[in-house]
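S.K.: The lines below spell out each chain.
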Amino acid sequence: AQSVTQLGSHVSVSEGALVLLRCNYSSSVPPYLFWYVQYPNQGLQLLLKYTSAATLVKGINGFEAEFKKSETSFHLTKPSAHMSDAAEYFCAVQTGANNLFFGTGTRLTVIP
Amino acid sequence: DSGVTQTPKHLITATGQRVTLRCSPRSGDLSVYWYQQSLDQGLQFLIQYYNGEERAKGNILERFSAQQFPDLHSELNLSSLELGDSALYFCASAGSRFDYNQPQHFGDGTRLSIL
Chain P
1 AQSVTQLGSH VSVSEGALVL LRCNYSSSVP PYLFWYVQYP NQGLQLLLKY
51 TSAATLVKGI NGFEAEFKKS ETSFHLTKPS AHMSDAAEYF CAVQTGANNL
101 FFGTGTRLTV IP
Chain C
1001 DSGVTQTPKH LITATGQRVT LRCSPRSGDL SVYWYQQSLD QGLQFLIQYY
1051 NGEERAKGNI LERFSAQQFP DLHSELNLSS LELGDSALYF CASAGSRFDY
1101 NQPQHFGDGT RLSIL
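So the protein lines, in turn, are chains P and C.
The first sequence begins at 1 in our numbering and counts up one residue at a time.
The second sequence begins at 1001 in our numbering and counts up one residue at a time.
Chain P extracted, bound-state conformation:
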């Protein structure tokens, strides 16, 4: 069965600093992995997806994630945090039944 684990329920960074949100996956087959962002009182918005075409995936708002099979990781990064990046971020893996298994989420706080 596929699953993901997000390390760190809360991450704080200073504005302009590197953002690193960690996600590790467990899957017996090549996984399809996603990062979603949830702003307060809103639904989930797709940031990026990994579908085996390239290990480094670029998404919206300057985010990117690198798929590392040897480490079973799919960490999300952004070189320079902006105040508008404050939100909750979810890593997800698509299961064999096509639904998404979500991690527990990481709340990102950006300090001015």
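These are calculated hints, taken from the structure and not from any lab test.
Please read all numbers here as calculations on a predicted model, not as lab measurements.
Treat the hints loosely; a few may be bogus.
Below, a list of computed lysine to any residue pairs in the SDA-like style, where the Cα atoms sit at most 20 Å apart [what the hints assert, rightly or not]:
(1) C:Lys-1057 to P:Ala-1
(2) P:Lys-69 to P:Ser-27
(3) P:Lys-49 to C:Ser-1002
(4) P:Lys-68 to P:Tyr-39
(5) C:Lys-1009 to P:Pro-40
(6) C:Lys-1009 to P:Tyr-39
Starting from the known structure of chain P, fit chain C onto it as the hints suggest.
M.R.: Just chain C now, kept in the frame of chain P:
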């Protein structure tokens, strides 16, 4: 705007009652997924419909049921409500039955509060 519409945005009701949540998928999407987001359980998959047929079930309680209509909108019915059912309920849609690598697009959710 994801193109997925959920109504109502907020719902307040009492224990033992029954409610219906509605979802209109993006134009052209055939698959509808329902998820529950709560503080203690996080985001959990409930059920999926594809073109009117149930395709997959997750952690959905027997008190909950769903259906997808010919016009592809979907309804999630929650009955005999308990305090623990208070949560944010999301609907998502995707294009085809074989949704491998196709992202799901989420609505803004319905916040259900049980008093």
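S.K.: All hints are to be evaluated individually against the structure, with a verdict given for each.
M.R.: Going through the hints against the structure:
Of the supplied pair hints, the one linking Lys-1057 (chain C) and Ala-1 (chain P) holds, its CA atoms being roughly 15 Å apart against a limit of 20 Å. Between the alpha carbons of Lys-69 (chain P) and Ser-27 (chain P) the distance comes to roughly 10 Å, so the proposed pair stays at or under 20 Å and holds. Of the pairs offered as hints, the one joining Lys-49 (chain P) and Ser-1002 (chain C) holds, with about 16 Å between alpha carbons and a cut-off of 20 Å not exceeded. About 27 Å separates the Cα atoms of Lys-68 (chain P) and Tyr-39 (chain P), which puts this hinted pair outside 20 Å; it is violated.
Under the criterion of a C-alpha separation no larger than 20 Å, the hint pairing Lys-1009 (chain C) with Pro-40 (chain P) is consistent with the structure, at around 14 Å. This hinted pair checks out: Lys-1009 (chain C) and Tyr-39 (chain P) have alpha carbons roughly 16 Å apart, not beyond 20 Å.
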